[in-house]
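Peer 1: Starting from the known structure of chain A, arrange chain B on it as the hints suggest.
Protein chains: 2
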Amino acid sequence: MATLSDLGEIALIERIKKSISTDSSVVKGSGDDCAVLKLDAKRYTLATSDLLVEGTDFTHKDDAYLVGRKAIAVSLSDIAACAGIPRYCLVSLGVPAATKVAFAARLLKGMRDIAKIYRLNIVGGDLSRARQLVIDVSIFGVVEKKNLVLRSGARCGDIIFVSGALGGSISGKHLKFTPRLKEARFLAQNFKLNSMIDISDGLAQDLNHLLRESGVGAVIYEELIPLDKAAAGLCDALYSGEDFELLFTMPLEEARRLIRKKMKPFRPIGEIRDKSCGLRLIDRNNREKILKPGGFRHF
Amino acid sequence: MATLSDLGEIALIERIKKSISTDSSVVKGSGDDCAVLKLDAKRYTLATSDLLVEGTDFTHKDDAYLVGRKAIAVSLSDIAACAGIPRYCLVSLGVPAATKVAFAARLLKGMRDIAKIYRLNIVGGDLSRARQLVIDVSIFGVVEKKNLVLRSGARCGDIIFVSGALGGSISGKHLKFTPRLKEARFLAQNFKLNSMIDISDGLAQDLNHLLRESGVGAVIYEELIPLDKAAAGLCDALYSGEDFELLFTMPLEEARRLIRKKMKPFRPIGEIRDKSCGLRLIDRNNREKILKPGGFRHF
Chain A
8 MATLSDLGEI ALIERIKKSI STDSSVVKGS GDDCAVLKLD AKRYTLATSD
58 LLVEGTDFTH KDDAYLVGRK AIAVSLSDIA ACAGIPRYCL VSLGVPAATK
108 VAFAARLLKG MRDIAKIYRL NIVGGDLSRA RQLVIDVSIF GVVEKKNLVL
158 RSGARCGDII FVSGALGGSI SGKHLKFTPR LKEARFLAQN FKLNSMIDIS
208 DGLAQDLNHL LRESGVGAVI YEELIPLDKA AAGLCDALYS GEDFELLFTM
258 PLEEARRLIR KKMKPFRPIG EIRDKSCGLR LIDRNNREKI LKPGGFRHF
Chain B
8 MATLSDLGEI ALIERIKKSI STDSSVVKGS GDDCAVLKLD AKRYTLATSD
58 LLVEGTDFTH KDDAYLVGRK AIAVSLSDIA ACAGIPRYCL VSLGVPAATK
108 VAFAARLLKG MRDIAKIYRL NIVGGDLSRA RQLVIDVSIF GVVEKKNLVL
158 RSGARCGDII FVSGALGGSI SGKHLKFTPR LKEARFLAQN FKLNSMIDIS
208 DGLAQDLNHL LRESGVGAVI YEELIPLDKA AAGLCDALYS GEDFELLFTM
258 PLEEARRLIR KKMKPFRPIG EIRDKSCGLR LIDRNNREKI LKPGGFRHF
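Protein chains in written order, with my numbering: chain A, 8 to 306; chain B, 8 to 306.
Next comes chain A alone, as it looks inside the complex (with noise of 0.2 Å):
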């Protein structure tokens, strides 16, 4: 009988979201960085949840501090990838019975500190004892209806932006990222913006999220990809996870207002493109490659 290694987690995903259905207060289900709700007349809400494992997302001798900081970090990346602004968080933990009371301490102390710089109220949770450490963050937020932005809103011409340095999660960054939300809501607040995602995945594969959301293509240029001083190299850039800097997508009236700005952060590295054009990289040499996908996978 097959099992989840054989199937992989992206035609797992595909297969829930098939079966689910939902009433018409779901503007988007599963399928963006958050679920969006209808709130009032001029808000909705947002919410998402992320599951941090030991051993996959942080290893025990990480800094307890910095994974329950990771933890709450993650969703708030989320939040940001939809322009919103978060509000609430709810934490379940699963602990190992041997987990000593100083660690989880930093661990909650890595939490608090970083709800408190967001305002993030922390409002409930569960705890459980379990073989090895689990944490699952759900927030919600609340988006004004003008400023949200969704990973399917990319159109042909718009040009395509991060928010800073690829590639440097391995050598720790995953621990220590800032979460977007600044970034996230001058941008939509002040220029027209036509998608966004954060990148957790690897460039590569959550441009192509974005790509696939949006019914669109694109080519981006190596020699634009600004690489964090850590990246061993360009495939860093494209294909290691959690980064969390934001990609977005702009007309390029506004890029260009955005680019007059010389806000070092946001960075043009390419143009997207007809769906025919599939996901194509420029090299430094002018030669024109297919990206697969690639990037993190769960299974």
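Just so you know, the hints here were simulated from the structure itself, not pulled from any lab data. It should be emphasised that the depicted structure is a prediction, and the values quoted were computed from it without experimental measurement. Don't take every hint at face value.
Copies of the same chain look alike in the list, so a pair counts if it works inside one copy or between any two.
Claimed, not checked - Straight line, CA to CA, 16 Å or less: simulated EDC-like cross-link-like pairs of lysine to aspartate or glutamate:
no., residue 1, residue 2
1, 271, 295
2, 282, 220
3, 25, 261
4, 25, 190
5, 268, 290
6, 24, 120
7, 282, 70
8, 45, 70
9, 123, 30
10, 116, 21
11, 152, 120
12, 296, 151
13, 45, 281
14, 24, 151
15, 268, 190
16, 25, 120
17, 269, 190
18, 107, 13
19, 183, 70
20, 271, 190
21, 199, 69
22, 123, 260
Peer 2: Only chain B this time, still in chain A's reference frame:
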């Protein structure tokens, strides 16, 4: 160094609660079945999450359909305990790579079917690899301000009720119970309830939670406690967790009105007393004993 086993679950939760501050939109943070958050002039948002872990909350021999069903039902029961209406759900799954696709499919069908019955929208979640199966479900819902019931409102002289027979959990009820959403709404809309909790840790422990949050004591009568036909005796009803019946209190006059309706499931089992009374049980021979909280301990 002290481990979580030494400290205990309740002490850890107390420590967490003390250390967390929230803004004025949080009507009730941790310490009740749900977090209660300001929504609009007439309603609150309710939020709750429950983590189920293989080996603790179910075994790999259990029917995956019922495991999935339970994962959702447990959080629905929390919404019921606050007399709310469930609306949206996020599901995070940590799954061993060797899990059979057929098992995962049945698990998801169990979730989907119960979600449909209660008009709950499954709107997102996360999927990760883990050594043992873990399922974290976050549900949020709404409740009219006038219908909200908390653990903390019990008053001296209130009559204590349960919504059904207790002690059947071990024989399998914990996988098949009906979350008492309908009953809770009926009660809140037709009676003045002072306090409510769902019985997840055992009658003795959950009644103790309610008494502590309300700052009162209670006396309950052995002969009035309805036993599930699968219960071996009173101890199962007092100390085995996961009956998921409602435990609630109302003033004497309201209690009389409820009893006159002769609605089978609702059974009076005792009375709220002054705090100095503690929690007492009157046995069939009219002897009084002090009831220890007992109930299920995760650590």
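Peer 1: A separate judgement is required for each hint: does it hold in the structure or not?
Peer 2: The hints, checked one at a time:
1. 271 - 295: Neither: 27 Å inside a chain and 74 Å across chains, both beyond 16 Å.
2. 282 - 220: For residue 282 and residue 220, the Cα distance is within 16 Å only inside one copy (11 Å; across copies 59 Å).
3. 25 - 261: neither (36 Å within a copy, 47 Å between copies)
4. 25 - 190: Classified as neither: same-chain Cα gap 33 Å, cross-chain 33 Å, threshold 16 Å.
5. 268 - 290: Neither: 27 Å inside a chain and 79 Å across chains, both beyond 16 Å.
6. 24 - 120: Answer is between: at 15 Å across copies they meet the 16 Å cutoff, but 34 Å inside does not.
7. 282 - 70: neither (44 Å within a copy, 44 Å between copies)
8. 45 - 70: Answer is neither: 39 Å inside a copy and 36 Å across each miss the 16 Å cutoff.
9. 123 - 30: between (34 Å within a copy, 10 Å between copies)
10. 116 - 21: Close across copies (15 Å), not inside one copy (36 Å); limit 16 Å.
11. 152 - 120: Classified as neither; 29 Å inside a copy, 32 Å across copies.
12. 296 - 151: neither (39 Å within a copy, 58 Å between copies)
13. 45 - 281: Classified as neither; 32 Å inside a copy, 45 Å across copies.
14. 24 - 151: neither (26 Å within a copy, 31 Å between copies)
15. 268 - 190: within (14 Å within a copy, 60 Å between copies)
16. 25 - 120: between (38 Å within a copy, 14 Å between copies)
17. 269 - 190: within (14 Å within a copy, 61 Å between copies)
18. 107 - 13: between (37 Å within a copy, 9 Å between copies)
19. 183 - 70: Classified as within; 11 Å inside a copy, 41 Å across copies.
20. 271 - 190: Only inside one copy: residue 271 and residue 190 sit 11 Å apart there, 58 Å across copies, limit 16 Å.
21. 199 - 69: neither (40 Å within a copy, 51 Å between copies)
22. 123 - 260: For residue 123 and residue 260, the Cα distance exceeds 16 Å both inside one copy (37 Å) and across copies (46 Å).
Violated hints, in rising order: 1, 3, 4, 5, 7, 8, 11, 12, 13, 14, 21, 22; the structure is consistent with all others.
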